[in-house]
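Residue numbers (my numbering), protein chains in the order written: chain A, 1 to 289; chain B, 1 to 400; chain C, 1 to 376.
Hints listed in this document are in silico derivations from the structure and should not be mistaken for laboratory results.
The beta-carbon is built from N, C-alpha and C at its ideal position, and this holds for glycine as well.
There are no misleading hints in this set.
With the C-beta cut set under 10 Å, the calculated list includes, among others, these residues of chain C facing chain A:
(1) 119
(2) 126
(3) 129
(4) 132
(5) 133
(6) 136
(7) 141
(8) 270
(9) 305
(10) 311
(11) 317
(12) 318
Among the chain B residues that face chain C by a calculated CB cut under 8 Å, a handful are:
(13) 85
(14) 88
(15) 111
Covered, in the sense of this in silico footprint (three residues per stretch, anywhere, with C-beta under 8 Å from a C-beta of chain B), are these stretches of chain C:
(16) 34–41
(17) 142–154
(18) 168–180
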Amino acid sequence: MIDPTLVLQALVSGILAAGLYALVSVGLALAIGVIGIVNFAHGEFFMVGAFFAYQLFVSFGIDPIVSLFLVAPALALIGAAIYASTIRFVLKAPELNQMLLTFGLGIILQNLALLVWGGDPRTIAGIPYRSVGFELGPISVGLVPLASFLISLALVLGLYWMLARTATGRAMRAVAQNRVGAALVGLEVNRVYLVAFSLSALLAGIGGVMIAVIQSPTPTIGLAFTLKAFAIVVVSGLGNIRGVLFASLFVAIAESMVATLVPNGDTLRNAVFFAIIFVVLVWRSRRIA
Amino acid sequence: MQRTVRSLFTMLALLALGAAAAQGVTIGVLTPLTGGAAGTGQAQRAGFELALDEINAAGGVLGAPLSIIIEDTQANAAVGLAAFEKLMTEDGVEFIAGGYSSGVTLALIESFRTFQPIVMWIGGAVSGIGIDGFDGIEELIGQEDWFFHVHPWDYHNVEAATGFVADTGSSSVALLHEDSAFGGPGSAGAQALLEGAGLTVPLREAFTSTLLGGTGDFRAAIAKAAATDADLLYWIGYDSDVVPLTSQIRELNFRPQYIFGAPPGWPTEFAAAPEAQCVTGLIGFLPNLPTPEAQAFTTAYTAKFGSEPDNYFSALAYANLWAYADAINAAGTTDQAAVIAELEAGTFRSPIGDWSFQPSELGKHQGFTTDLWLVFQYQDGVREIVWPVEKATAPLVSCR
Amino acid sequence: MTRAASGRAFPWDAVGLIVLIAAAAVAPDVLRALFGRASVSYLSIVTNALSLAILALSWDMLARTGQLSLAHAAFYGAGAYTTALMLRHLELPMWLGIPAGGVVAVLFALLLGSMTLRLRAIYFAIATLAFAEVLKSIAHHAPTAFAGGNAGMNVAPLFRPAFVAGEMERWEVAFLRNEAYFYVYAGLLALTVLVSMALQRSRLRHAFTAIRTNEDVAGVMGVRPARMKLLAFMLSAAGVGMLGAVEAHRIGSVLPDQSFAVATTVLALVTPIFGGLYTTLGPIVGALGLSSVQELLRRVFDDGYLIGYGVVLVMTILFMPRGVVGSIGYAWRKRGSGPSRAAPSAAPGSDAAGAPTRAASDAPADDPRAEAGGDA
Chain A
1 MIDPTLVLQA
11 LVSGILAAGL
21 YALVSVGLAL
31 AIGVIGIVNF
41 AHGEFFMVGA
51 FFAYQLFVSF
61 GIDPIVSLFL
71 VAPALALIGA
81 AIYASTIRFV
91 LKAPELNQML
101 LTFGLGIILQ
111 NLALLVWGGD
121 PRTIAGIPYR
131 SVGFELGPIS
141 VGLVPLASFL
151 ISLALVLGLY
161 WMLARTATGR
171 AMRAVAQNRV
181 GAALVGLEVN
191 RVYLVAFSLS
201 ALLAGIGGVM
211 IAVIQSPTPT
221 IGLAFTLKAF
231 AIVVVSGLGN
241 IRGVLFASLF
251 VAIAESMVAT
261 LVPNGDTLRN
271 AVFFAIIFVV
281 LVWRSRRIA
Chain B
1 MQRTVRSLFT
11 MLALLALGAA
21 AAQGVTIGVL
31 TPLTGGAAGT
41 GQAQRAGFEL
51 ALDEINAAGG
61 VLGAPLSIII
71 EDTQANAAVG
81 LAAFEKLMTE
91 DGVEFIAGGY
101 SSGVTLALIE
111 SFRTFQPIVM
121 WIGGAVSGIG
131 IDGFDGIEEL
141 IGQEDWFFHV
151 HPWDYHNVEA
161 ATGFVADTGS
171 SSVALLHEDS
181 AFGGPGSAGA
191 QALLEGAGLT
201 VPLREAFTST
211 LLGGTGDFRA
221 AIAKAAATDA
231 DLLYWIGYDS
241 DVVPLTSQIR
251 ELNFRPQYIF
261 GAPPGWPTEF
271 AAAPEAQCVT
281 GLIGFLPNLP
291 TPEAQAFTTA
301 YTAKFGSEPD
311 NYFSALAYAN
321 LWAYADAINA
331 AGTTDQAAVI
341 AELEAGTFRS
351 PIGDWSFQPS
361 ELGKHQGFTT
371 DLWLVFQYQD
381 GVREIVWPVE
391 KATAPLVSCR
Chain C
1 MTRAASGRAF
11 PWDAVGLIVL
21 IAAAAVAPDV
31 LRALFGRASV
41 SYLSIVTNAL
51 SLAILALSWD
61 MLARTGQLSL
71 AHAAFYGAGA
81 YTTALMLRHL
91 ELPMWLGIPA
101 GGVVAVLFAL
111 LLGSMTLRLR
121 AIYFAIATLA
131 FAEVLKSIAH
141 HAPTAFAGGN
151 AGMNVAPLFR
161 PAFVAGEMER
171 WEVAFLRNEA
181 YFYVYAGLLA
191 LTVLVSMALQ
201 RSRLRHAFTA
211 IRTNEDVAGV
221 MGVRPARMKL
231 LAFMLSAAGV
241 GMLGAVEAHR
251 IGSVLPDQSF
261 AVATTVLALV
271 TPIFGGLYTT
281 LGPIVGALGL
291 SSVQELLRRV
301 FDDGYLIGYG
311 VVLVMTILFM
321 PRGVVGSIGY
331 AWRKRGSGPS
341 RAAPSAAPGS
351 DAAGAPTRAA
361 SDAPADDPRA
371 EAGGDA
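With the rest of the complex left out, here is chain A:
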């Protein structure tokens, strides 16, 4: 008989783990989903954020909670610079060009990081809250997963609200729907893209700070999360920001269940994740007819 406590714990862990997935995906949802820039370097923005958090801690002793407010704008600036110098020129080009460009940018960032910080995993040591867990009866709730869940919830809802209710957000949606039309009605298209892309980088940076606490930043830390982030963004439907949260919840809970209930289940996480993605995409495509 399956222990109900185990199932409950798996559920709770899954819900919390969804927070990290959503955190990494929300920035990408803005980039691909809203303004249509396929950013293969998203994982690298995330990685840079993680290393910035690490460096701020090591050089100035700044706790990640605080450095969040430094890293986020820094990443926004980097995103803006990258946009202005390169991405701006491939907006009208086919998507494939954007892929190659951002892929190249990703390689540059990754190897710059390798040059500066080396290949060894770094650690933000000396923070007392990394391993804190709360016992709610037989269930354990980690502080850091809880925090990342709440932060990602705030970011997703905040982004949704921004897109729905603010002028900037509406401008972004307009530009995404019809670039020429948006220009015709007087929107500064280039500026909208700039803001959106910078925001996307900023969101990635926030995710990076979280991951710097949870794991050890390495130059290649972005890849595993990027693939899954792409999948989550796409499966929730491009432009559906709140969908990112639901998609993250669904896959994270499924992963957690399998990891807990199946022997050697953790090794099946990726299989479960991508199987769900595949089935959902294919099934939905059939229903459109």
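Here the structure of chain A is known, so what remains is to put chains B and C in place on it, guided by the hints.
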């Protein structure tokens, strides 16, 4: 007349010297400088460069400065193959050093056999023993005259690890291992050895390492381990798994008596983290090893690179190059048979102590074995050596 | 078939293929004559470039229908595992593993293609990625005795020339082996090129382009998109499957993370974009170009040479948005702008048997990038 003769002599002498210098020995090095294993590759390079400086300061090899050509394998089989061929053909080296990934090593075996240089390899621990239908490195080239294996084989690693586990007095061990050619066979071997020594292994559970596409949430596996209430948690993974694993163990309130890990390396600065307290690990070399060779190496390394030799592959790389230098100098020639004879007979230096090549299970020339391994424990931010007892700098402390 | 009444223009692409085959036939010996022992290494490098060319060209063939596949690692791995499994469990000649690898890859393509028919653009891409990841996981979890599981399987080499001491030097053995593999790869590339050329010269080219431009309209015009897309998928997978099988023998082992590496997929897609999409020459130039660039950078720079590689990619796509070949071809065509100049549009970049009447209508029909508001 006399002056002309003298100047002629000088000219000839200078020419001869110049010729000798031009004929300096070159050793080809293969190491993963970029890619997922870049940390280790760079550590290896540091060890090689340090040894090179010292060797040349001591007079070089065969009277001329030694040179090395380092090629990046990217821990990728195809790239490694091309790199090796370049060393053998474009650069024309006769001696090969370096090595890390077993996968790349296996891919190189055909090529090794074709060219048959002397290969003194500090990587590739997959012997193949114990895996049905799979030929590992030792099984394939262990018997070759020109192949010298420096790094311990997987069964040595497992033997050392299980030796430590048995010595802790634990009676039950929960085994968590990453799910690739590194952790899979190793954990199976460990389980067999542990059970053979009379311990129980209530759980052997696999996880996906962060290095190979996992997202670092090991809570499910840890929860299963916690449910067994084992005395000791033994995990096999990579250095990027250390932080998530140890912090999640704490978070889930799993408190075995001992936490023992066997990754190929440990993240820098982890010692200062609260999660590190009482964590034990298997390692080949530590900067605070209290022997004179180790201290000399640590001092020289820190002086040259500005940081301590954290990754034991630096020590192995250092030993690798020095062994070549000493053997070739002893042979007095680069003739392969002569150098092989010296390698077989000689005793070489390393930061870990003197070592030599002896036969192993299926191989002719094995450098370090079970004796290489130390177990350290993080105690108040310092890595104290706790096993084997003869080399210990502090006693082992229980986590409970 | 809308060929100009003035007759077919010079078949540059066929000439190109013949030159390619001739060059490949003599390349090893030329290299050996020029560089002696070092030619072993150069041959290896060239072979790696050919491998990338096969991968890139195959991917491009699928991209011509607008399907951007992120599953090519799956076909590659399927080919690799097929030959490894055959070697382990069946008593058949080793080389049969190569066509078998192709067949299995094609079957997977058929499976994947039929399930994803209704998916477009990035939805399609992610679905294919998911498929590849699941396949990798299956290989990972396969029973060890059957398919190696996480330890993988050894794969015997295809060629093992004998070394006769005294009559030859050791490097000559390596040369013979590399030469043999080179010919296999060259043959595989030639095959792929032939298929690509056949596609470009036939009705299928227009069918593919139509589907890529607007699938629904194409369907209305009688193109039968489903069939075309599946065909493209199968043709694309065949080459990659065979490539995977050959590489498994050359590398000597199959491992889940190595044989199904995401990096393979990424290279498959990056190379044709760099070289020039939807052409036969583009992916090949891309492969040769990127391989040379990377090799050059490796030798010139010590640390951080990959940064240079990234810079090259970024610069190329910024200044040559049609890829290397595409941009050169476009510039060539624009020299003699307008239909009044009956310049042979047999540009290096185009496979069009360039008849004069095509010159004017060339850009919009072939080049879906010339959408409203985009570049002309």
